[in-house]
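Trainee: Here are the chains, one letter per residue:
2 protein chains.
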Amino acid sequence: MSVSDRKKKQIIEAAIAEFQEKGYAGTSMDRISERAQVSKRTVYNHFESKEVLFHEINQFLVDQVNSALEIPYDNTKPIREMLMELGWAEGALLINPCFMNLARMVMSETIRDPALAADMEARMTLQSDFEAVLRRASEEGRLSVDDPAVAAKQFLGLIKSRGFFPNLYAARVPDRAEIDKIIAESVDMFMAKYGKDASRPRQT
Amino acid sequence: MSVSDRKKKQIIEAAIAEFQEKGYAGTSMDRISERAQVSKRTVYNHFESKEVLFHEINQFLVDQVNSALEIPYDNTKPIREMLMELGWAEGALLINPCFMNLARMVMSETIRDPALAADMEARMTLQSDFEAVLRRASEEGRLSVDDPAVAAKQFLGLIKSRGFFPNLYAARVPDRAEIDKIIAESVDMFMAKYGKDASRPRQT
DNA sequence: TCATTAAACTGCACAGTGTAGTTTACTTCC
DNA sequence: GGAAGTAAACTACACTGTGCAGTTTAATGA
Chain A
764 MSVSDRKKKQ IIEAAIAEFQ EKGYAGTSMD RISERAQVSK RTVYNHFESK EVLFHEINQF
824 LVDQVNSALE IPYDNTKPIR EMLMELGWAE GALLINPCFM NLARMVMSET IRDPALAADM
884 EARMTLQSDF EAVLRRASEE GRLSVDDPAV AAKQFLGLIK SRGFFPNLYA ARVPDRAEID
944 KIIAESVDMF MAKYGKDASR PRQT
Chain B
764 MSVSDRKKKQ IIEAAIAEFQ EKGYAGTSMD RISERAQVSK RTVYNHFESK EVLFHEINQF
824 LVDQVNSALE IPYDNTKPIR EMLMELGWAE GALLINPCFM NLARMVMSET IRDPALAADM
884 EARMTLQSDF EAVLRRASEE GRLSVDDPAV AAKQFLGLIK SRGFFPNLYA ARVPDRAEID
944 KIIAESVDMF MAKYGKDASR PRQT
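Going line by line, the protein sequences match chains A and B. Using this note's numbering, you'd call the opening residue of the first sequence number 764 and step up by one each time. Using this note's numbering, you'd call the opening residue of the second sequence number 764 and step up by one each time.
Any given hint might turn out to be false.
Pairs count within a copy or across copies, as identical chains cannot be separated in the list.
[Claimed, not checked] Here are the simulated lysine-lysine pairs, PhoX-like style, with alpha carbons at most 25 Å apart:
#1 K813 - K803
#2 K803 - K772
#3 K944 - K959
#4 K840 - K959
None of these hints come from the bench; they were simulated from the model. Remember, predicted model here, so these are calculated numbers, not experimental data.
Let the hints inform the model, and build the full structure from the sequences given.
Mentor: So this is what it looks like as structure tokens:
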């Protein structure tokens, strides 16, 4: 790794820390260069503006978070166990400080740059993966899901509304046991509605 | 209404608009005074600083939104209908542009001022009201809820995760039909788990 | 009805601070 | 010897908050 590459890495690391601590407006290029132990000119040699630096940092972090994701599907396991693992695909993000910090940073820029927030939201959701799994499980007769899109949103929603958003605004990272309880209770509810032997819904 | 009161009102209205459009950092006191058609000195005569103005605006808006809230409980109606109305207590907020704009503004300040975001989150949630209704319905034998706190979070979560957060970040206000569908599907799921005749949950 | 008075508002200049981004003159290292 | 880095000063703003001379407003009281 060349000196230039090393400096760039230092800049990125410093910028991530500053942006995540203070947000876009609260961060100055002077502080980034100081923290990176690099001259301000060097920062501008690598990134043409503060805005560009911010966006490249976001891309970098999203790629990093996404690369670690995998959605399990193993139809030899009991359905509840499979759903627990599916829930944990999301849960893994929620207990990952990198992800939570990124989410917090991005969400704080909604007003200044709504396009960014919408873009990140779209790139980071697992909904389509969840949907595919639910559809397949349903085709194999292991679940009774009529609308996989709605069911996926409900399942994810049960988890995120309790494990993601409250912590996002409270700036904390939940522990494994907390998330496990939430996922288990979400699976319970999901199975009550979409399990093979769930009672048919009645109309009022 | 005195001149002074009128000017103050103009300042508040201008400040609400500016803060909601640009966020805290993006708004300047010069622009507020210009928009309010008032001298900058007058703004500072009414509000000692930008921070104070921002907080007073938030209080003002929260009070305004909260005053319109009411949680229905009518045990002569069918339980599904009652749950629909309960869901609509939250739904009413979601289709209210004032509420959504306030929420967006506050949530955007998470990084700069986490205490504010957490405080507003706490003051605007209906969870404890929901909890009370679910407990009572359960005592009256109309629902089978063992843990009202969890059940309330799940019910609210089903609604908010689909009707609130996606719109918060996309900066849009959903229409009545959209919210009605979400609430109806949430009630379906809720009843599958907590309805009197729901099948007993099985352990894996 | 009309002068008086106190409080509020205006408009402008101003200090002080912080920012993004540039330039310059010098150094280091491959 | 040339490409890249450094430190520091500099430009050109924008912003918060203050000070002050002069004007408007509304109510009072003769």
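Trainee: Evaluate K813 and K803 at a C-alpha cut-off of 25 Å and name the case that applies: within, between, both or neither.
Mentor: Only inside one copy: K813 and K803 sit 12 Å apart there, 31 Å across copies, limit 25 Å.
Trainee: When no copy is specified for K944 and K959, does a C-alpha distance of 25 Å or less occur within a copy, between copies, both, or neither?
Mentor: Answer is both; intra-copy 23 Å and inter-copy 24 Å each pass.
Trainee: Checking an output row: K803 and K772, CA cutoff 25 Å. Within, between, both or neither?
Mentor: within (14 Å within a copy, 45 Å between copies)
Trainee: Cα distance capped at 25 Å. Does K840 pair with K959 within a copy, between copies, both, or neither?
Mentor: within (15 Å within a copy, 30 Å between copies)
The structure fails none of the hints (numbered hints given earlier).
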